[in-house]
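Visitor: Chains as they are written, first to last, in numbering that gives the first Met the number 0: chain W, 0 to 362; chain H, 0 to 168; chain V, 0 to 373.
Bear in mind the hints are in silico, worked out from the structure with no lab data behind them. Note that the coordinates shown come from a computational prediction; the quantities given were computed from them, not determined experimentally. Hints are not guaranteed to be accurate.
[Unchecked claim] Partner residues are not named here, just some residues of chain W that face chain H (Cβ under 8 Å, in silico): (1) Gly24; (2) Arg47; (3) Glu52; (4) Arg250; (5) Thr254; (6) Gln258; (7) Val264; (8) Val268; (9) Ala282; (10) Arg331.
[To be verified] Derived coverage of chain V by chain W (criterion: at least 3 residues anywhere in the stretch with Cβ under 8 Å from a Cβ of chain W; other residues may be distant): (11) 10-19; (12) 151-161; (13) 190-196.
Even glycine gets a Cβ: it sits at the ideal position worked out from N, Cα and C.
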Amino acid sequence: MAYYAEKNFFEDQQLIELVTNILSGNLTLEWYTAEGGRVRARPSDLRRGLTYEDCNLGPYGYDAIPEFVRNRYSMAARGSVLVSKLPDLGYTINRRSDVWSDNVVALYEEAKARRWAPAVDVPWAELTAGDSVREAAMAQLCTFLEEVALVAMEMPSKWVFSINQEFLELKSFLCAQMIDEARHVEAWRKRALTSGHGLGRASVSAEQALKELLSAETYPEASLGTNLLLGSFVLAMCRAIAALAETRADRLLATLAMQDVARSVAYGVGHMRYHLAHQPGKAVALAEYLDRTEHVVLGIAGSPEFLEPVVILAAGSVDRDRLAAGSRFARRWYTSAVEEYFERAAAVGLPRRERSRLPRLDV
Amino acid sequence: MPAVSAPPPLRFPSRDFFEALREAMRAERERFSRLGFFDTTFGVRISSDDGGEPAEFALRFEVFDCVGVESLAGVETDFVVEGPFAAWREMLDTIHALGAADTAHSLNTLTHFGEQLRVRYDDPDGHDKLYRFAESIQEFFDLSARLDFAYPDGSRPPAARAERQRSAR
Amino acid sequence: MSYLSTTDFTEDQPFVDRFERMLRGDLDLSWLDAPRERVTCRPENARRGLTFRDLDVGSYGFTDMPELIRENRSFAPRGAAMPEGLPDLQAEVNRKSEVWAYNIEGYYEEAMTRQWNATTDIPWAELQSVELPEDIGKAYAQLLTFLTEVEMIATDVPAKWMGRLNADFFEVKNFIATQAMDEARHAEIFRKRALSTGWGLMRASAQNEFNLKFLRDADSFAEASLALHLQAEGMVLTLFRFSEYISPTEGDKKLFRLVMQDEARHVGYGMQHLKWVLDHFPERREAIHHHLDEAENFVFGGGYATEVLEPFIILSGKGLKKENIAEGVRITNAFQLKQADEYFERLAKCGLPERRERSRLWKMIDLRKQTMAA
Numbered sequence: 000m001a002y003y004a005e006k007n008f009f010e011d012q013q014l015i016e017l018v019t020n021i022l023s024g025n026l027t028l029e030w031y032t033a034e035g036g037r038v039r040a041r042p043s044d045l046r047r048g049l050t051y052e053d054c055n056l057g058p059y060g061y062d063a064i065p066e067f068v069r070n071r072y073s074m075a076a077r078g079s080v081l082v083s084k085l086p087d088l089g090y091t092i093n094r095r096s097d098v099w100s101d102n103v104v105a106l107y108e109e110a111k112a113r114r115w116a117p118a119v120d121v122p123w124a125e126l127t128a129g130d131s132v133r134e135a136a137m138a139q140l141c142t143f144l145e146e147v148a149l150v151a152m153e154m155p156s157k158w159v160f161s162i163n164q165e166f167l168e169l170k171s172f173l174c175a176q177m178i179d180e181a182r183h184v185e186a187w188r189k190r191a192l193t194s195g196h197g198l199g200r201a202s203v204s205a206e207q208a209l210k211e212l213l214s215a216e217t218y219p220e221a222s223l224g225t226n227l228l229l230g231s232f233v234l235a236m237c238r239a240i241a242a243l244a245e246t247r248a249d250r251l252l253a254t255l256a257m258q259d260v261a262r263s264v265a266y267g268v269g270h271m272r273y274h275l276a277h278q279p280g281k282a283v284a285l286a287e288y289l290d291r292t293e294h295v296v297l298g299i300a301g302s303p304e305f306l307e308p309v310v311i312l313a314a315g316s317v318d319r320d321r322l323a324a325g326s327r328f329a330r331r332w333y334t335s336a337v338e339e340y341f342e343r344a345a346a347v348g349l350p351r352r353e354r355s356r357l358p359r360l361d362v
Numbered sequence: 000m001p002a003v004s005a006p007p008p009l010r011f012p013s014r015d016f017f018e019a020l021r022e023a024m025r026a027e028r029e030r031f032s033r034l035g036f037f038d039t040t041f042g043v044r045i046s047s048d049d050g051g052e053p054a055e056f057a058l059r060f061e062v063f064d065c066v067g068v069e070s071l072a073g074v075e076t077d078f079v080v081e082g083p084f085a086a087w088r089e090m091l092d093t094i095h096a097l098g099a100a101d102t103a104h105s106l107n108t109l110t111h112f113g114e115q116l117r118v119r120y121d122d123p124d125g126h127d128k129l130y131r132f133a134e135s136i137q138e139f140f141d142l143s144a145r146l147d148f149a150y151p152d153g154s155r156p157p158a159a160r161a162e163r164q165r166s167a168r
Numbered sequence: 000m001s002y003l004s005t006t007d008f009t010e011d012q013p014f015v016d017r018f019e020r021m022l023r024g025d026l027d028l029s030w031l032d033a034p035r036e037r038v039t040c041r042p043e044n045a046r047r048g049l050t051f052r053d054l055d056v057g058s059y060g061f062t063d064m065p066e067l068i069r070e071n072r073s074f075a076p077r078g079a080a081m082p083e084g085l086p087d088l089q090a091e092v093n094r095k096s097e098v099w100a101y102n103i104e105g106y107y108e109e110a111m112t113r114q115w116n117a118t119t120d121i122p123w124a125e126l127q128s129v130e131l132p133e134d135i136g137k138a139y140a141q142l143l144t145f146l147t148e149v150e151m152i153a154t155d156v157p158a159k160w161m162g163r164l165n166a167d168f169f170e171v172k173n174f175i176a177t178q179a180m181d182e183a184r185h186a187e188i189f190r191k192r193a194l195s196t197g198w199g200l201m202r203a204s205a206q207n208e209f210n211l212k213f214l215r216d217a218d219s220f221a222e223a224s225l226a227l228h229l230q231a232e233g234m235v236l237t238l239f240r241f242s243e244y245i246s247p248t249e250g251d252k253k254l255f256r257l258v259m260q261d262e263a264r265h266v267g268y269g270m271q272h273l274k275w276v277l278d279h280f281p282e283r284r285e286a287i288h289h290h291l292d293e294a295e296n297f298v299f300g301g302g303y304a305t306e307v308l309e310p311f312i313i314l315s316g317k318g319l320k321k322e323n324i325a326e327g328v329r330i331t332n333a334f335q336l337k338q339a340d341e342y343f344e345r346l347a348k349c350g351l352p353e354r355r356e357r358s359r360l361w362k363m364i365d366l367r368k369q370t371m372a373a
């Protein structure tokens, strides 16, 4: 066992006397005069309820978090009165601009408000299983997306433990990302297993790529790689599935998933903007990170386990003429996904158009 | 007793048309609350078939409501959805006939490659709100199925089909 | 340097060539021939929708999952065809009985459909109009400060373990994700309520922070879950029920009812997990007792947290006058005994009835009962 109490409390006479005394009605009231600052948070807009923005007050607010959190390593609530002997819980991410984004508070509130439940919010009964190659393609595509969602769920979980509790709203957003991605693991798996084809094949290239993304060394790299880079492509994938859907159930599933992924992308963009505004020197290192890691989206979006089903879904069959039409869709899809990623990267101060080794296609 | 004539149909495109959608959204508060916060201002631009001035409106959404319909000029928007009148008409005709857009006429499909409708934006952050609020935006336009409206040439969208089938199959 | 994919895909000419062939419509389609079990899952109960239980079929299901996951070391979804070359993700927990719980799929589905929103589901406007007297207001703000402080431990700890579990245990991982969100919401609602009382946040609790460190630093998932889900959250669940009972307003009662639902789910997982462990991994029994010995030491040491005990007395006695305090002590005593009773009942129900005999905490509680009776 890693950590023990400083004493055996069962043999601590001082403790027993203290508790006995209190339970005899002699309260210490040591805490009674402790005040972090008297405030009264109120909803600024009753339709919206009491948001974290409404609680951004004085020493309690997120605006008051310093760039370097040097003296708080416990889980004591931000703004509460600290006492001596608070333990160090081992946080290793203590710099605000390593994690923060100006939109993260609103995105957290949005995530809760726009929650959905795959079991009941997708009209599963409208889907009919079939032997068609289209359904087989859908099963393969959903197998692939389940694989991606498993990784996207793990990325925030891997870091949240190490992030200082002062960044409460940001950590809460990471929790929202976790549940969003759990929802996607669930939804894509359920869709695959309603197809009549079972699950398809795991993707070697996508998993190699995903493992590289997941093992990013720093949180800014992990966020850039997963939220902005991977997120851009997964968002485009959801858009494509919604656009190619033949049933309301598939359109809804892909649209609802798209909304969730778009929040992660928005955080990724906001985070990089904030990070580079406060640590402009990091632009060089992050551009180099993208130089060496950007190739992973080719391993993902270019994997046959993703791309071939997309071509088939767009074609509707495996007839040669139809496949030509399907491949045109896929080319345009890839081109616009790369383009939107470049736009987002440029917007945060990481221009990629000239530097990127990702293939460009003539459409 | 004087005869009471039915009010004239709304016109599309017009500010009144979007105001009516706004009212319909208000009546569906619970449905939109379930979809979640909806905070964006976006524009719609309907180009005229005859090369005339496009009809342009800004739609402002806050929390669960549409809080403003105004002229697009001078309004800062997250994105603008634009396209020829014929594309908008095709979308609205489908919605009116089926009760909601089918998969071939959802806003996402129509804007996907910018063939029928295009999305214009200055900042990718604003653009991404089209995706973040995709289902709310779709359901907002789907409310047009309930409106009595006519196009500039006086023609009407098709009547609702008895059995509404929204899949493209 | 972190892990690097075995291939740089932009430099891998055969990969790029194949990518371009696919984009010309020249497909290989080998995935279509991948051996697979063909199934069609359908909702057994249309009102409940399509659940994980409906997916419990053959190689895709959890019932037939082996105790040791030997094959899948990657992110391949359970039951998918696994081609050569999938990476090894170095999962540390590959034994089902270290993580599994009876009805885990049910807890997950329940969590997903019973999410609520601290921002909009509480009558904040109504709470705003209530002015609490100073003694009640301060005691309540102090209780809320404590709850805000401790809730997110139940985010950080399970999240730490999520990535270490084999991907085949995705139902557990998904449950962990819902719990992370639940706890973020709890930290949020207690913080928001504290800041809306007019008193703000009060004093941090050093004694409880040491307990949090103990929870963070558990050596195994099974130990972390035992101390977190069953012991800590079990006691917090009783505390929430008690807090609902002593809440100063109707709005506060609703708040505690909502958090109680979530907490009960986490405790449910903890109990069903411990049961599963004892049924399938009985040799862990002694290690469990050892871990509980220290967990209970921390619980007893919690007596130093006067910033938790005393607000309870004031809130349950409804004031600071002598007669209020006497009533508060009587109720708080009853609560603490109930809290301990429920904890030992849960352990017994999970298959650990001998815990009472072995536990020093039980002996101290027993002694207190005798003193009170005398």
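Visitor: Are the hints correct? Go through all of them and say.
Guide: How the hints compare with the structure:
no. : hint    : in the structure
1   : Gly24   : 49 Å, violated
2   : Arg47   : 5 Å, holds
3   : Glu52   : 12 Å, violated
4   : Arg250  : 5 Å, holds
5   : Thr254  : 5 Å, holds
6   : Gln258  : 6 Å, holds
7   : Val264  : 6 Å, holds
8   : Val268  : 6 Å, holds
9   : Ala282  : 18 Å, violated
10  : Arg331  : 5 Å, holds
11  : 10-19   : holds (count 6)
12  : 151-161 : holds (count 8)
13  : 190-196 : holds (count 6)
The structure does not agree with the numbered hints 1, 3 and 9 stated previously, though it agrees with the rest.
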